[in-house]
Every structure is written in C-alpha cells, then in structure tokens.
Amino acid sequence: MKKEKGFAVLLKKNDNLLEFKINPKIYTLNAIYKTAYFFLDKVYIFLDGDPKKEIKVTMKSKSGMGELEKVASEFYNELLNQLLREKVSYTNAKVREFIVAKALYNAVPNEVDELLKEVEEEDWQEDPLGIAKTWEEQQAEKGEKSKKSKKSRPSLTPSLKLRSTKKLRPMKKKGKK
Amino acid sequence: MLDLNIIEKFDWKNIGFFRFKKFDDKDYLLTNEVGNYVFLPEADFKKFISGKLSKKSAAYKELQENMFFLSNRKYAPVLISKFSDKYSFLQYGPSLHIIVVTLRCNHKCIYCHASAVDTGSKEFDMDMATAKKIVDTIFKTTNKSVAIEFQGGEPLLNWPVVKFIIQYAKEKNKIEKKDLQLRLVSNFSVMDNEKMKFLMDNEVNFCTSLDGDEETHNYNRIYLQGNSFQKTVEWIKKINEAYKKKYKGKKRNYYRVGALITVSKKTLANYKKVIDTYIKLGFKSIYLRYLNPYGFALSATEKIWYTPQEYINFYKKSLNYILEKNYNGKHFYDFGAVTYLAKILFGHDLNNLDMRSPCGAVIGQLAYNYNGDVYTCDEGRMLAKMGDQMFRLGNINENTFEQLINNNLCKSICLASSTHGLPGYNDDVYQPYIGICPVYNYSVYKNIFQSSTNNVKYQIDKAIIEYIFEKLKNRKNKDIFTEWVKKSKPLQYLKTYTK
Chain A
1 MKKEKGFAVL
11 LKKNDNLLEF
21 KINPKIYTLN
31 AIYKTAYFFL
41 DKVYIFLDGD
51 PKKEIKVTMK
61 SKSGMGELEK
71 VASEFYNELL
81 NQLLREKVSY
91 TNAKVREFIV
101 AKALYNAVPN
111 EVDELLKEVE
121 EEDWQEDPLG
131 IAKTWEEQQA
141 EKGEKSKKSK
151 KSRPSLTPSL
161 KLRSTKKLRP
171 MKKKGKK
Chain B
1001 MLDLNIIEKF
1011 DWKNIGFFRF
1021 KKFDDKDYLL
1031 TNEVGNYVFL
1041 PEADFKKFIS
1051 GKLSKKSAAY
1061 KELQENMFFL
1071 SNRKYAPVLI
1081 SKFSDKYSFL
1091 QYGPSLHIIV
1101 VTLRCNHKCI
1111 YCHASAVDTG
1121 SKEFDMDMAT
1131 AKKIVDTIFK
1141 TTNKSVAIEF
1151 QGGEPLLNWP
1161 VVKFIIQYAK
1171 EKNKIEKKDL
1181 QLRLVSNFSV
1191 MDNEKMKFLM
1201 DNEVNFCTSL
1211 DGDEETHNYN
1221 RIYLQGNSFQ
1231 KTVEWIKKIN
1241 EAYKKKYKGK
1251 KRNYYRVGAL
1261 ITVSKKTLAN
1271 YKKVIDTYIK
1281 LGFKSIYLRY
1291 LNPYGFALSA
1301 TEKIWYTPQE
1311 YINFYKKSLN
1321 YILEKNYNGK
1331 HFYDFGAVTY
1341 LAKILFGHDL
1351 NNLDMRSPCG
1361 AVIGQLAYNY
1371 NGDVYTCDEG
1381 RMLAKMGDQM
1391 FRLGNINENT
1401 FEQLINNNLC
1411 KSICLASSTH
1421 GLPGYNDDVY
1431 QPYIGICPVY
1441 NYSVYKNIFQ
1451 SSTNNVKYQI
1461 DKAIIEYIFE
1471 KLKNRKNKDI
1481 FTEWVKKSKP
1491 LQYLKTYTK
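Respectively, the protein sequence lines represent chains A and B.
Be aware that the first sequence starts at 1, since it is given in my numbering, and climbs by one per residue.
Be aware that the second sequence starts at 1001, since it is given in my numbering, and climbs by one per residue.
A portion of the hints provided could be inaccurate.
[What the hints assert, rightly or not] Partner residues are not named here, just some residues of chain B that face chain A (Cβ under 8 Å, in silico):
#: 1; residue: Phe1018
#: 2; residue: Leu1079
#: 3; residue: Pro1423
[Said to hold, decoys possible] Derived CB-CB ranges, DEER-like:
#: 4; chain 1: A; residue 1: Lys62; chain 2: B; residue 2: Lys1280; range: 43 to 51 Å
#: 5; chain 1: A; residue 1: Lys62; chain 2: B; residue 2: Gln1225; range: 50 to 58 Å
#: 6; chain 1: A; residue 1: Lys62; chain 2: B; residue 2: Glu1215; range: 35 to 43 Å
#: 7; chain 1: A; residue 1: Thr28; chain 2: B; residue 2: Lys1273; range: 53 to 61 Å
Quick caveat, the hints were computed from the structure, so don't treat them as lab data.
Here a beta-carbon is modelled for each residue, glycine too, at the ideal position from N, C-alpha and C.
I would like the entire structure built from these sequences, with the hints used as guidance.
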C-alpha cells in the first residue's frame, strides 16, 4: 500500500478494485474530482466518504488488473498536478476576470463609444415626455398645451432617452418640490 | 514529479495564471492564457513554483518575457491587449457564408461528405428566388467582412444561379460597402473559358479538390466522364496562368488557385507523392486534415478509413517531409500547423473556424442549402443530408437573420465548443491553441459535449500540437515555423479561410 501525506492507496486484487483514501483538508474536492475525471476512459470510478473528513475513491478496471496497477501509480501524480492547478486558478481568479473583462470590453470600444455618443447626441434636452421637468414647469406647460394642443415629437429611441434623462437629471416626484 | 511540500510553498504573490504538463523526461511545458509558452527543466519548474528561481537565471528571464509573473509591470496591459486580439473574432458575427447551389455532382468520390446526388436530379438545384433571399440575408450580418463561398455538389452545374448570386451580391455591396470576397469550390470538370473569364472579371477566388498525385486522386475521386486528376490540374494551371497575366506588376499578385485535400487511407501510404504533387503544381501549402465522419465516408470504411494512430503517424511523417523540403530552401507548409503556430508563436488566431474556441459555427459561418435551409456550419448541413436535422437553424423563407442567429442552438454550440470552463479541456496545457467541433462530437458520440478523455478528434489534435512543440525545441525548426506564419500572409485572405 502506497502512503503519502493524507493519501493512501490499496489495490484489492481479488475484487479487481483500487481504493484511494484521501484527506480533503490537504487535497481539495475539486482536485480530487478533476483527477478522477482524468481516468474516466480507463476505469469505472465511484466516489464516497465524508467531504470534511475523508474521501474514498474506488476504481474498477475496464480491462484487467494491469490497467489498475498502472492507474495506481499515476493517480497520485495527477492529484498533485490538479492540486497545483487549483492553487494557480484560485490565486489568479480575480486577475483573470479583470483581464478578460478588460480585453473583451476593449475589443468593442467603437460600439460602446458609438452607443454613448448616440445617447449624448440624443435630443434629450427637448425632453418630449416631460420626465425631467419640475412639477411647476409641467403645470405651467399644461395650461399652454390646452390652448395650443401641440404634440411633442415622438422619441425614436425612447429607452435610451429615458435612461440618459434619468441619469443626467434625476426625476422628481409629482407634487414634491 | 511534483511533491506536496513544493505545492504548499506556491509563490502565489508573483506567479500569474498558467497551464502545464510534464512534456518529456526532461522538461515541463508551461503555457499562459494568451498562448505564450516556456519549456522548463523539472528542477527549474519546482523552483519557479516555490518562488526560488534566481532572477538572474535564463529560465527566469524567459518566464518574465513571456508573461508568467504577475510582478511584471507589463503583465496586465500585455495580456489584456493580446487576449483582446486573440478573441477579437467574438465581436464580429458570421463572415463566411457557404451557399450550396446544388447537390448534383458529376463525381462519385468515395468519401463524399456532402452525399451528392446524380447530375440528372435537378430538383436539388437552388432557384433564383431562394438565391436572392440568401444574399439579402447574408448582407444583414454584423460582420464588415463577407465571404460568399459556392459549394455543392458541383456548383458549376447550377451556373445561372452562381452567376446571379455574384452579380446580385456585387450590386448590393455597392450600397452595403462590405469587404466582399467571393469563392468558388469546384472540381473544375465543367469549367470553360467563358465561365473562367466571368469569375475572374468578378474577382472570384478559385478553390478545388486535389487529393495529391494522379493515383491517389483518381482512387478517391471517381469521375466516369474522364480523368479527374488531369482535368483538375489542367484548370489549376490555366487559371494560375490567367491570374499571373491579370495581376502582373500589381500588388495583388498573390492570387492563385487554392486546393483542398481529403486524407484517405490511400494518402497515408502515398504521402510523399501527394506533397510532391502540391509543390510541383506551385502550391505554397497543403492542409492535411483528419477525415470527417459525414456522408459517404461513413459507409466506405474499408476503402478510406484509418485508425487515429495511423493518421497521427502519417501526419508526423508528412510534417517531417515538409520540413526537409524547407531545409532545402523550399517554402512550403501545412496550413493546420500554421494555424496552431500562429497562436503559439504570435498569439494570433487566423480564424480557422474549425480550430478555434468557440468554434465558428453560427458566430463565424452559416451554411445555406439549395432549398433555403440554414445550418450552423457546413458540417451541420452534411449531417442533415444523412437525415439528422439537429444543426438546422431555420429556413431563409421562414426566419429573419436575427431568428437564425439568436437562438438556443447557437448558444449551445458556443458553450460546447468553448474550451474555457469545459472539464478536462480547460486544464489542458494546449487549451490556448485547440478547438472542438460540436458537430463532430454529436455525429460520433451523440452528444455535443464529449468528455476530453475519449474524444478521438481532440486526442488527435493534441497529438499534433504536441508534435509541433517537440519540433519547436529545435532552433532551426522554430525559425522555419516562424517564417511559415509570417509568409502565410496576407492574413486577410486566411482570416475566413476554412475549407
């Protein structure tokens, strides 16, 4: 039986089985899963145990004991590889997210800039829906409109207009000064 | 072999993200997010992990130059810029539009992926109304670059529709002002001077099927009305001559007929003759692709198929033979190798749609069948001809461009072919270079998500990349490989070149 820190392997020749007992405090669950996945095409894999105390990985050969003996010697190496990969991924997660987000945003600067430009160029100053106007202004205009019944030009991009107006001039509730 | 003590001392403050594998008895291979690579002897690898690598060592400098250290001030800006460049295709939308103007063909190739029908079956021809709607739809793409590729069957058998599409697309482009490229993939058997003139006048690029030397070509490509090889070669020479005349003294004199090879069992034994034929005919490259499991290729097992290991051995022998030619001063390369090398040496994706992540299905290409059915890609269309409509996006008469693109099939394919995040694929040291084909996965394994451990195509691609890395260890080879990528320009031509 091979014994490493937090790791033990037992080859049960009579039952054609290979059993690993792994300490999840040393080897993360993810590393154990990925290692098991690595051997999927060679053996049948069964996972059991307590994720806080001990993980039991049982492997059953698809083609005989020779295969199992080979896997037994490879499994620990791969577990260490996966553990290192886990550490590299974990410690770099934020930096990678930042790089990808920045790279993909930078890849479309024109579109974003064009959209922003479009928003800026919108005739939101005209405010056809009257959203940005104070209550007093609206009341004053109501009187005017009833006389002239003149309609405002409808917005071509109402959602954009609404967003930009909201952002630049916070709406005020009716009846509140 | 790694040990737990070293892993526990991992120098997380200085080391950026990387993937790795024990490459051979001597070295570890490390790659980073944008495809930079470094070979490290085992002792140096352990020192690197635990932060004990001397800053004065050559290994440290190499790692520093290739952006493996977070402590490098240029780390984030360089990676952002290279990542942005590598994945720039994500923002564009479909550029390659394959139009199957007819399923009729006068060849009976033993591997025919398109399951072509005989020349009398005119009901499998595209009509003008459908052709017009297809062109209208194509120009709705968000991509500024549009490549229309005629395929079949033998597209020249439906010449009026080919002619109409060319004229209509060019007319339409006067308003749309896209970077329009037109390509014809033909066996040239019904080519004549009038057609050639029209195609050249309209700047249509030519591509043909050439399976190598006469024996290999005619074994694969059966043509009852004559000698397929001789006919193809006759027109390759004629068109190249006409190109030379047309572009004499002009900057655009790089045009010449392109050729595609389908690697069958016969090719494996005749690889030297096949490569020699390509060189003799003036081609600068060959594309030694693994056979696709579609169409008649599935039923002609004995005649054409080989084991994955046989193919890998063939590829290695061929690459060595091609390198030998280069050692002797002949510039000639394998296009598949160049696709990988552009990513490995320059972090540049040539946009070979079959070999990128996510793959080019829908977001890079669309395939339009003779009856207006639209598919994710040409492979999806080939599968449909075998009776499985899994990759059909809709029909040109029933769906808008937006409906064809913005659907769950497109999203599923992107997910299934993005190696980032897929178990097994994500951790692979070759992740920055490799692509997955969901149509292949579905065709062979009945699942677009196939485990990396027993995905034959993936294992073959990995073996090829591994061999390229093996060759890269030699300085002379690296110089030749670098030249291949540099001279494979104009990239504009390669960018949407997939077939």
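Hint-by-hint comparison with the structure:
1. Among the interface hints, the one on Phe1018(B) holds; its C-beta lies about 6 Å from the nearest C-beta in chain A, closer than the 8 Å criterion.
2. Against a cut-off of 8 Å between C-beta atoms, the interface hint on Leu1079(B) holds, since the closest Cβ of chain A lies about 5 Å away.
3. At about 6 Å, the closest approach between the beta carbon of Pro1423(B) and any beta carbon in chain A falls short of 8 Å, and the interface hint on this residue holds.
4. Against the hinted window of 43 to 51 Å, the Cβ-Cβ separation of Lys62(A) and Lys1280(B) comes to about 49 Å, which satisfies the hint.
5. Taken as a hint, the range 50 to 58 Å holds for the pair Lys62(A) and Gln1225(B), whose Cβ atoms sit roughly 51 Å apart.
6. The beta-carbon spacing between Lys62(A) and Glu1215(B), approximately 42 Å, falls within the hinted interval of 35 to 43 Å.
7. For the pair Thr28(A) and Lys1273(B), the supplied restraint of 53 to 61 Å holds, since their beta-carbon distance comes to about 54 Å.
When the structure is compared with the earlier hints, no violation turns up for any of them.
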